[in-house]
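Could you build all of it, start to finish, from the sequences and the hints given here?
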Amino acid sequence: MADLLRLENVVKEYGALKAVDHVSFKVPESSIVGLLGPNGAGKTSLIRIITGITQADSGNVLLHEKDIYKIKDPSVGYMPEERGLYKKMKVGEQLIFLTRLRGLSKADAEKNVVFWMKKFQIESWWNKKVNELSKGMSQKIQFIATVSHNPKLIILDEPFSGLDPINTNLIKDEIIRLKEEGASILFSTHRMEQVEEMCEHIVLINKGRIVLNGEVNDVRNSYKENIFELTTSNNMPEEFFSEFDCNIKKERHYLIRLKQQQSTNDILSWLLHHEVNLISFNELLPTFNEIFIKTVNDTSHE
Amino acid sequence: MNKLGLIIAREYLTKVKNKNFIFTTLLTPLGFLIFFIVIGVIFSYEGSKTYRIALLDKSEMNIKFPDSTKKFSFIKTTEPIEQLKLKYKNGELDGILVLPKFAGVDVNAYTVYYHSDKAMDIEIESSLEKYLQDGVRNYKIQLMNLQSEQLDKLKTDIAIDPEPVSETEKDRSSYTGKIATMLGGIMGYVIFFIIFLYGASVMRSVADEKVSRIVEVIISSARPVELMLGKVIGVGLVGLTQIVIWLVLIPLIYFLGMSIAGIDTQQLQEVSQTMGQQAPVDTDELAQIIREVGAMNWWRISVLFVFYFVGGYFIYASMFAAIGAASGDDINDAQSLTIIVTIPILLAMYVMFQAIRLPDSSLAMFASLFPFFSPIVMPAMLAFDPPWWQIGLSLILLFAFSYFMIWVAARIYRTGILMYGKKASIKELGKWIWKG
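So the protein lines, in turn, are chains A and B.
Heads up: the first sequence begins at 7 in our numbering, then just goes up one per residue.
Heads up: the second sequence begins at 16 in our numbering, then just goes up one per residue.
For the record, the hints were derived by calculation from the structure and aren't laboratory data.
The hints are all genuine.
As a list, the in silico PhoX-like pairs of lysine-lysine whose alpha-carbon atoms are at most 25 angstroms apart:
hint : chain 1 : residue 1 : chain 2 : residue 2
1    : B       : K18       : A       : K93
2    : B       : K18       : A       : K117
3    : B       : K32       : A       : K96
4    : B       : K30       : A       : K93
5    : A       : K112      : B       : K32
6    : B       : K64       : B       : K91
7    : B       : K30       : A       : K134
8    : B       : K18       : A       : K72
9    : A       : K94       : B       : K18
In structure tokens form, the structure reads like this:
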């Protein structure tokens, strides 16, 4: 698939601090990419460069092979972590203003804003001022402001922070739908279960540098430790423990780490042979939470 | 519409449609009217009390006091002072004025005594002084065998009529200077006020956008300098709108108020006639003033006024915008930084007053060219007809400098609006300008 966005050796320094240190990655067309990293890792600095708000000291940020800082491409939609709307402006007016600012005509802007407000069933808020809305409500407005001009690249900084589960799902579904319609989404988050659920690709940065970058499944496979979990209905014979590297998790519940040259079939045939009744058997994959913590800790102690 | 246009339109429309704007625009002229009426009432307030003052005249000057005015009733008496003091204590008198013997025509000081337990108010003191001064004067005239008509003849009115030396210069009257001073003062003051008021409004608006974080959304699609300029221009247009409304509204309210108060023009004329008797203005003089005002080059003055307003507004409003961008999450933080702007504006104001007093001085010359001062000083100088080269040079400097200030402010602005938290120090501002 063609690349929508490509970063090549991007560097940004604030005095002695290297906020972004030779970062390179790609966002393919029609994909969801998660940008992860602990607090202060340089996510916001990186996002500000990608959105063209600040200029990189060196390196390239290319959208459709063009320098993003120079073109201020209206096909980018950006929702900052620090949400912001004009508090005293009416919702409808405000959304139309922001949409037109991204290059749409007045008529198109109005059409799109109405479409999105209907979709979220909030047409009745058209004449409300933002300071009359709850936090969750203004989050929805913020999301509409980000996508109402049909951007090709949508950048969301912590899109789910402060949302209740219902609204989280609503936004999540919209993100997936936008991706299916051809847009690419780059979002930063601390919530690892969302990464597992939504992203195809992740970029993990720490101290301004990329420490992990790849397909979600590849990353997970590269971190797996060949540990399997099994449950039985009768007790395990003693011989099993000398044959395999096995720990008892709780009664009739075991964790087995495969040794070199051992395969899962070896375990299963042994169990059959010794008449142990198997209830469940599955591979224990690392969660992204674990991968995140492990990678960050490893790279922080360098 | 391009982005700058959109930003200007938003800034303008939200401000103009705001209830606050509508209120202040409509109520300010009314408020001023009420304010002036109240001030008028306060100043015309004369205590209702009449002071009963006993006059114990031992001076033999036979000074004439009016029998009774609204403020005083004088009672001539020869009763001994102890008797009078008793009367005072009984509340029959408010004061006792004792005039001792007057030494003679060569004496230039005369002390009289006023007995009362209450402090004398300034108005009583000055009225009594006036009566006594006139009395002593008349007494001295008598002693010196002078005729009071002779004294009147000693007074001569002097008029200095300025005449041009070169034929190309037009003839001016002695009023030119006075009218120019008045007009200049008013124009300088108006520009000062507008710049200060709307500049501060730009600052608040920028700080608001920063605090509400909307700024990040906007500058992901518009350049920071577009956002800043849009704001400066938008607020400037709001200011102009307000002024135009006031120019229409103030005379309207004035005449409306007049008719409601039941004062018709007939009465107004009578009032001005009676006032005219108190301070006689020669009809010739009045005609001369009107001719003078009419002869001024109003086209030139108003067009240049607008130029100076625009230039000055851009300089100061962009400085205010930069300060707004440098302020922290608490808008009040910015207060300490506003000193960078307030000092030159206030200085300009004082220089302007001095410059219209001494329009030919080198101070006036320098101030009319120096871009921080010229927007306020030069409009005030226009009435004195400065030469064209001076106006031209001053305008070139002004616009070159406002371009420069917008550039400087934009550099502070684009860094400042993304720095959240604490307000920036002046040192940091300098760094933002040079490093960008």
